[in-house]
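My request is simple: use the sequences and hints to build the entire structure.
To convert, count from 1 in the sequence shown and add 38; that's my numbering.
Just so you know, these hints were derived from the structure itself, not from any lab. Quick reminder that beta carbons are idealized off the backbone N, C-alpha and C, glycines included. Please note that the accuracy of each hint is not assured.
Said to hold, decoys possible - Across the chosen pairs, the derived CB separations fall in these ranges:
id: 1; residue 1: Gly62; residue 2: Tyr131; range: 41 to 51 Å
id: 2; residue 1: Asp164; residue 2: His78; range: 14 to 24 Å
id: 3; residue 1: Pro189; residue 2: His152; range: 42 to 52 Å
id: 4; residue 1: Ser141; residue 2: Leu114; range: 21 to 31 Å
id: 5; residue 1: Leu199; residue 2: Arg160; range: 17 to 27 Å
id: 6; residue 1: Glu155; residue 2: Thr177; range: 18 to 28 Å
id: 7; residue 1: Thr177; residue 2: Phe76; range: 18 to 28 Å
id: 8; residue 1: Leu97; residue 2: Val129; range: 36 to 46 Å
id: 9; residue 1: Arg126; residue 2: Leu203; range: 13 to 23 Å
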Amino acid sequence: MSGWRAVEVYGTFIKLTGELELVGAERLSDSVNRFGAFLHFRNARAEPLSVNYPVLSRLEPKVTIAKPSVILICPLDDDRDGSAAMWRETVAYAAAINTAAFSLVGDVHLEPGHDLEDHLERHPGDFLPITNLSALWITTISSETQALQRPFALLNPTAILSFSLR
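This is the structure:
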């Protein structure tokens, strides 16, 4: 059994919108953090984050994305599905995080007794779940900005430049 989940994928200058396949009762984070360097999408379209960066794109039936190039993955629906068996107790911490492309704030969810640095060292390749995300695209020197607010997102830990728990 599998299903498709509509998501936005943010790189430094490009946003890709498409559908990611979830296997069985997997959560979005399980599918993204599964072993492998690539994610496979269907019905995807790339568009620039800025009008100054044109992208020639059309709707592509199949697209492969390199995980190391991804900064954020945001589901387009607020469907909080997944298996109850996959649930783990976590503690929410307000955090401010900077990447080379985004400055963001939100709540990170960590295992009790662990801080964010410990979590990142223990799970170096796993995308970090963030709720109540507010992010500002900061790669342009002009007055043009791109802001996003999402109830849930996954952040690539290799994109993190700095962080602070509040």
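Here's how the hints hold up against the structure:
1. Gly62 to Tyr131: 41 to 51 Å: Violated - the Cβ-Cβ distance for Gly62 and Tyr131, about 30 Å, lies outside 41 to 51 Å.
2. Asp164 to His78: 14 to 24 Å: With a Cβ separation near 19 Å, Asp164 and His78 satisfy 14 to 24 Å, so the hint holds.
3. Pro189 to His152: 42 to 52 Å: violated, 23 Å
4. Ser141 to Leu114: 21 to 31 Å: holds, 22 Å
5. Leu199 to Arg160: 17 to 27 Å: Since Leu199 and Arg160 have Cβ atoms about 20 Å apart, the given range 17 to 27 Å holds.
6. Glu155 to Thr177: 18 to 28 Å: holds, 25 Å
7. Thr177 to Phe76: 18 to 28 Å: holds, 24 Å
8. Leu97 to Val129: 36 to 46 Å: At roughly 41 Å between Cβ atoms, Val129 and Leu97 fall inside 36 to 46 Å, so the hint holds.
9. Arg126 to Leu203: 13 to 23 Å: Roughly 19 Å apart at Cβ, these two residues keep to the hinted range, so it holds.
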